[in-house]
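Okay, here's what each chain looks like letter by letter:
There are 2 protein chains.
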Amino acid sequence: MTPQVIQRWIDYIGNHDPAVLDELLAEDAVFYSPAVFTPQQGRAKTATYLNAAAKVFGGTDFRYVEQWYGENSAILEFTATLDGIVVDGIDMIHWDADGRIVSFKVMIRPLKGLQAVIPRMAELLAG
Amino acid sequence: MTPQVIQRWIDYIGNHDPAVLDELLAEDAVFYSPAVFTPQQGRAKTATYLNAAAKVFGGTDFRYVEQWYGENSAILEFTATLDGIVVDGIDMIHWDADGRIVSFKVMIRPLKGLQAVIPRMAELLAG
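Respectively, the protein sequence lines represent chains Z and C. Per the numbering used here, the very first residue in the first sequence carries number 719; after that it's consecutive. Per the numbering used here, the very first residue in the second sequence carries number 719; after that it's consecutive.
For the record, the hints were derived by calculation from the structure and aren't laboratory data.
Pairs involving identical chains hold if they fit within one copy or between any two copies, as the list cannot separate such chains.
Below 20 Å or equal to it, Euclidean Cα-Cα: the simulated DMTMM-like pairs (lysine to aspartate or glutamate) are: (1) Lys763 to Glu745; (2) Lys823 to Glu741; (3) Lys823 to Glu795; (4) Lys823 to Glu784.
Every value quoted in this text rests on a predicted model; they were computed, and no experiment measured them.
Could you build all of it, start to finish, from the sequences and the hints given here?
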């Protein structure tokens, strides 16, 4: 029952293959960060943020714990632990008729969890 | 198609009637704040937080913009503006076989939005 685009996303989380991610993202994909209001526009920027997130959570106990599906969208709730800090969040994913992701929004709770993620993302995005 | 429990919740957001909220919450309801990790246990504490949130967002342009439904759960995405700061969040609601809310989790982005909500909630919860 898992939509193919979501299964491919979950596979990407497992293998971190940037080529798989590029294939998954629409050219006009937009990334909405949990930290900053301004959206990141386009496939390249969206991929940069998602690759960084995959690196931040790679090697942690990151896992999806619950899913909700709409016609062309999904909510995936995840949990992970970063140096003892619990991160509880959601990925809100919308896709187009071709099964490509057009919008990827992340929200994270609690404040300490978000504060644990922000500097780790910033370091990778600056690198 | 909106589950009755969610329609009653949306009605509560409109009328702020604490008696309606009490009726909606299971005795062992748990509230998961966007700010703090530790859950708030029980109907009374959950109601206190939800009443405070309803007050914080009452009189703003708060509105639900998208919904996802599971068998006994829903995700409601909302947006609001607090003194010019955009708040984008989700309510993650689970209910029991009697249609009473057993779990209410909130996540908010971006960081500035969360930072706008926290002191307003704290002021009401202290009062």
